[in-house]
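Dock chains Z, Y and C against the given chain D, drawing on the hints supplied.
Number of protein chains: 4
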Amino acid sequence: MIIVLKPGVSKKQETTVLREIRNLGYRPHVMRGVARTVIGAIGDELTHQSLETLVTLFPQTVESVMPVQKRYKFVSREAHLDDSTIKVREHVIGGKKLHVMAGPCSVESEKQLLTTAEAVKAAGATILRGGAFKPRTSPYEFQGLGVKGLKLLAKARRETGLAVITELLSEAHAGIIAEYADIIQIGARNAQNFQLLIAAAKTGKPILLKRGLSMKIEEWLLAGEYILANENSNLMFCERGIRTFETYTRNTLDLSTIPIIKRESHCPIVIDPSQGAGRADLVTAMCKGAVAMGADALLIEVHPNPAEAWSDGPQQLSLEVFAKLMRELHPFILASGRE
Amino acid sequence: MIIVLKPGVSKKQETTVLREIRNLGYRPHVMRGVARTVIGAIGDELTHQSLETLVTLFPQTVESVMPVQKRYKFVSREAHLDDSTIKVREHVIGGKKLHVMAGPCSVESEKQLLTTAEAVKAAGATILRGGAFKPRTSPYEFQGLGVKGLKLLAKARRETGLAVITELLSEAHAGIIAEYADIIQIGARNAQNFQLLIAAAKTGKPILLKRGLSMKIEEWLLAGEYILANENSNLMFCERGIRTFETYTRNTLDLSTIPIIKRESHCPIVIDPSQGAGRADLVTAMCKGAVAMGADALLIEVHPNPAEAWSDGPQQLSLEVFAKLMRELHPFILASGRE
Amino acid sequence: MIIVLKPGVSKKQETTVLREIRNLGYRPHVMRGVARTVIGAIGDELTHQSLETLVTLFPQTVESVMPVQKRYKFVSREAHLDDSTIKVREHVIGGKKLHVMAGPCSVESEKQLLTTAEAVKAAGATILRGGAFKPRTSPYEFQGLGVKGLKLLAKARRETGLAVITELLSEAHAGIIAEYADIIQIGARNAQNFQLLIAAAKTGKPILLKRGLSMKIEEWLLAGEYILANENSNLMFCERGIRTFETYTRNTLDLSTIPIIKRESHCPIVIDPSQGAGRADLVTAMCKGAVAMGADALLIEVHPNPAEAWSDGPQQLSLEVFAKLMRELHPFILASGRE
Amino acid sequence: MIIVLKPGVSKKQETTVLREIRNLGYRPHVMRGVARTVIGAIGDELTHQSLETLVTLFPQTVESVMPVQKRYKFVSREAHLDDSTIKVREHVIGGKKLHVMAGPCSVESEKQLLTTAEAVKAAGATILRGGAFKPRTSPYEFQGLGVKGLKLLAKARRETGLAVITELLSEAHAGIIAEYADIIQIGARNAQNFQLLIAAAKTGKPILLKRGLSMKIEEWLLAGEYILANENSNLMFCERGIRTFETYTRNTLDLSTIPIIKRESHCPIVIDPSQGAGRADLVTAMCKGAVAMGADALLIEVHPNPAEAWSDGPQQLSLEVFAKLMRELHPFILASGRE
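Residue numbers (our numbering), protein chains in the order written: chain D, 2 to 340; chain Z, 2 to 340; chain Y, 2 to 340; chain C, 2 to 340.
Looking at chain D on its own, in the form it has when it is part of the complex (with noise of 0.2 angstroms):
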């Protein structure tokens, strides 16, 4: 930790708050600046308290207090600095192949998943997305098949061999997700919901945590040490757009990620450009962009008629769309140095 005292404080001031650092088992070290005194407070911040409350403590004294650890361990380029890769079924995530997760925003019926689901398959997608318990901002919206969807999820595995992605939203659901999901989808509005974090992480399946609405990068990755810490290493983040001032598109999709993902943790990262920007008629674009940059996988909403989908209509591909996209990501795919 750095405390910066203000300027013209007294020699008495000063020995106070060197006491406190000690007090709170950090070892002091001053320095004289032209304008500022400046303390380095030495001791492992992971392990002992934070020294920002001196600020509080001692308001005529301190005038600010950063720390210099990063926070996150597991997570971190530092602690693991080849890529991660993540075994899915047959496929693995994080390696030379592009992924494209593909589906529908819910599962509404047999017949709408098993025809997305083959005309994904067929235009090149390896898993199959599909929500099957869905948060909705309103209780009077449609909230998912449950049980039902997940069994359609894993009808359409058999009949397709797409590996499945579905959303836990409840940790009281946390065992029957795993047992019908490949990977568990942990969605924005629950990615600092740290119970849920922890049991998804306990069942051991790959995790993928989309960002959080207004997540900063530092608080994600700490979300993501939620899950390694819980001994789970099969950690995805997903970038799905933030919340900004903007208004034409729902969200802001922050393709930045991509590099600040890959220099800071060795984890995967998964671009979402449906719910990124809330339209279908930016979707190939943005997957454009997301393979040129390095994304490891993409996941997009598809669903065989998106004027009568439940949920998130105006997102959602139709399946020539989505196989049209498909075609003209292939040379940006080889430029990327992809298969």
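Because the hints were derived from the structure by calculation, they are not lab data. One thing to keep in mind: the hints can contain errors.
[To be verified] A short, non-exhaustive set of chain C residues, derived as facing chain D with CB atoms under 8 angstroms: (1) Ser215; (2) Phe246; (3) Tyr249; (4) Thr253; (5) Ser257; (6) Pro260; (7) Ile261; (8) Ala278; (9) Gly279; (10) Met287; (11) Lys289; (12) Val292; (13) Ala336; (14) Glu340.
Using N, Cα and C, we set each Cβ at its ideal position, and we do this for glycine too.
Leaving out everything else, chains Z, Y and C in the frame of chain D:
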């Protein structure tokens, strides 16, 4: 729903859109404007499917779709013209008396809690706050005393007569929290954890629902709707600051929520300036503003020794500063016509 | 400056960084911590080059660089311990009396302006606001009456004795605005138009500097520094709402700026709830909050017939509502120890 | 305009609103829905007054008012179905060739500028960027070489054949900048400095309009409308990152602006990843994304020695990194069908 067509749409394109509107259960009503044709789709938006997908389905024809109905019912002022009041033991929140809920961020020990409880009671608080289960950004931070913390809260209630508010952060804890708490707090990070909202509502206990870090007013009201729609009418909203680009404060406390919630809803509004600012030195001024603007209650973090607090030290007031705050608030309480 | 090195940096890498720090004019001071080595670079940050480029220059070695000095001087509380006051004709802003600046968004006609001026004076305002040159988002919106508007403001001043505040939006107008205005307003969109700030400062007139739509407190103080560094000490800051994700209000009025500006600076702070909310029905509550929190003045839009205003109708108060507001503010002014 | 009435409005209240709508020059058209009555107000919104004030005028009757027309004309895709191209010396921006504008943040010296110019030309850039007048957050930071900088840019153009882009930040400089620059840049902080936009437009030179730090797409398009409405059709938009809550990067580069500007407007779109990220180590990935998504040009900061740059060192690329970037971009340029 209002559907705005693009300029220069053909008769045939228009007919196709009108047919789809009827398919989806609405009666279309065409208005030809100077620059654009607008279609009013008549039908109950809460029970029919959204027409927003028309933008996707007919990208060449439909420019935009705008809802006209409000999405919330039970929390709305229209549903309940008078202010709601909430009975918490012998206290009434939302009535003429301003209530102050005060106490430490986390329950740490019997001594810490009882000292605080006695001091805040002496200064005029009626409700004791204290976290027993703590949601922490990092898995390496103190996660709360758990049930032991709840028992200490109960002891403090017995000894001081203060009512108790504490946070619920797992569906699995709903029963035990309801056993000990007079008010159940839903934290900002769980404000759209709908399963938790339902579990909290079903306890029948009064609920304090904090605004999520990047929650729009409409979403907050809809989250509240989950409480009322699950047959618990004892809901209060709590503003605790939103996330903005500003870094001087931890959050930006949005005091305009006071008149807005009063206008849109009948439920009481509580202000939490401790989380809102994240700095003890701003709390007093913010409390004054909140009282003047008509807040029904304040939620304030107070600790006997903020510098040694196990969580959020920089935003907790010392006992002395809290007592001084309560004295300084007095003229503003009177000026606002409260007790 | 504090330079944090990455873990596992070699002696040679460290030496290279130390050499560059010396090159750039600082004296390095090494502290070896538990997890990382930290270098304090001693030297005056305001006169030396920033060391932030070390991150770029030595990406394998340097993790982050943090400044320790504040970047503003003349506006800071440290530079001037007492509150500054500003003389505007016979009035003093920043002293014991709360001032109210009121009037229409745009000057539209003699009748509109004089009617408003008389009414706001009768209700207790001391300063008349009115835009003669208007910055408008669209080129097709009313751009103000220009010099004719300034002449009407002068006439209103002669007839009512109110002082006049009006906006400067072009360097080319600095002379003519200074001739007519008692206070020059710099609008939010021009808050970092540094050439305009310099031109305004050089007139010697009192300046009201609005906060930009997404301006951090530090940037706002530094924009104010442009005024004081150009030898004009008559500066007041004006909070008018920042841009956030919320769409219920036009902006989010950040009332925490009142205690923050009082803490960081000696200059008066003015609150503009009309721009802040963009809705007339929220203005009264926000004025009460601003007064309770210690604002030195309020800036309020008032129009004899808001529905027919040529700009920003939805946020302007009618004369009757303004008079009622002034009566309702009275107890809060007394409670805050003002006149 | 669409006017939504509150539920339960009386016939008399409705009549009053209808009368006011006619007064303001629109023809009202009433639609009675299931839950609410909606009025379509028919008339040209661009030439009539906004009806948004009806919310203020009839707070008991009118719930909300929504515009249906777009506020921009000349910049809109509807006004000009084909992509516009801009001729800059022998180059065409907005056509098949991707252009790269590169050079130092600030012009510092002849040697610095010429070295950079030669290197970026050799690597494939066609336009040289360099600030001669610099807008700086603090008055104590380097403000640019002024006219001397312009002369150095002209010299670099003579020696390398590169075209020149430089920033205009004062109306007073419009003449001199137009004399030296091939493209005039309007910076983010001046994006709604409408007097400056008009002064720039009137020079007749191509204009690159950066997006303001918190500018909505609609506002950006309207700022562009100031250029076209002042008879200068040589406009390009430049995304350079918006301000969000994230602090890892200086700004959040919003690459979704590429498909959005292509959809809403006919003007070229340029991406500035240097300002967008504020970190040199993210620039390469962002350029790849921008190219894949269809950007017409890139604007990149390059410096022979970023660590000693007089401004914005952390975001400038060295000559070597820039040359490498240009090589790595090549396959993505081909994949996107560009040259």
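Query raised in the report: Would the stated hint for Ala336 of chain C survive a check requiring a Cβ distance to chain D of less than 8 angstroms?
Result: holds (4 angstroms)
Query raised in the report: Taking the least C-beta to C-beta distance, is Gly279 of chain C closer than 8 angstroms to chain D?
Result: With a closest approach of 10 angstroms, the Gly279 of chain C hint is violated.
Query - Agreement of hint Lys289 of chain C with chain D interface, Cβ distance less than 8 angstroms - result: With Cβ-Cβ at 4 angstroms, under 8 angstroms, it holds.
Query raised in the report: Per the CB criterion, is Met287 of chain C less than 8 angstroms away from chain D?
Result: Interface hint status for Met287 of chain C: holds (6 angstroms vs cutoff 8 angstroms).
Requested in this report: Answer holds if the nearest beta-carbon of chain D is closer than 8 angstroms to that of Tyr249 of chain C; otherwise answer violated.
Outcome: With a minimum Cβ separation of about 4 angstroms from chain D (threshold 8 angstroms), the hint on Tyr249 of chain C holds.
Query raised in the report: Given Ser257 of chain C was flagged as interface, is its beta-carbon under 8 angstroms from a beta-carbon of chain D?
Result: holds (6 angstroms)
Query raised in the report: With a cut-off of 8 angstroms, does the beta carbon of Val292 of chain C approach a beta carbon of chain D closely enough for the hint to hold?
Result: holds (7 angstroms)
Query - Hinted contact Ala278 of chain C with chain D - closest CB pair below 8 angstroms - result: holds (6 angstroms)
Query raised in the report: Can the hint on Ile261 of chain C be confirmed by a CB-to-CB distance to chain D that is less than 8 angstroms?
Result: It holds, given that the least Cβ distance between Ile261 of chain C and chain D is near 6 angstroms, below 8 angstroms.
Query raised in the report: How about Phe246 of chain C: closest beta carbon in chain D under 8 angstroms, or not?
Result: Because about 6 angstroms separates Phe246 of chain C from the closest Cβ in chain D, which is inside the 8 angstroms limit, the hint holds.
Query raised in the report: For the hint on Thr253 of chain C, does the least C-beta distance to chain D fall short of 8 angstroms?
Result: With a closest approach of 6 angstroms, the Thr253 of chain C hint holds.
Query raised in the report: Was the hint right that Ser215 of chain C lines chain D, CB cutoff 8 angstroms?
Result: This hint holds: Ser215 of chain C lies near chain D, its Cβ roughly 6 angstroms from the closest one there, short of 8 angstroms.
Hint violations for this structure: numbers 9, 14, all remaining hints satisfied.
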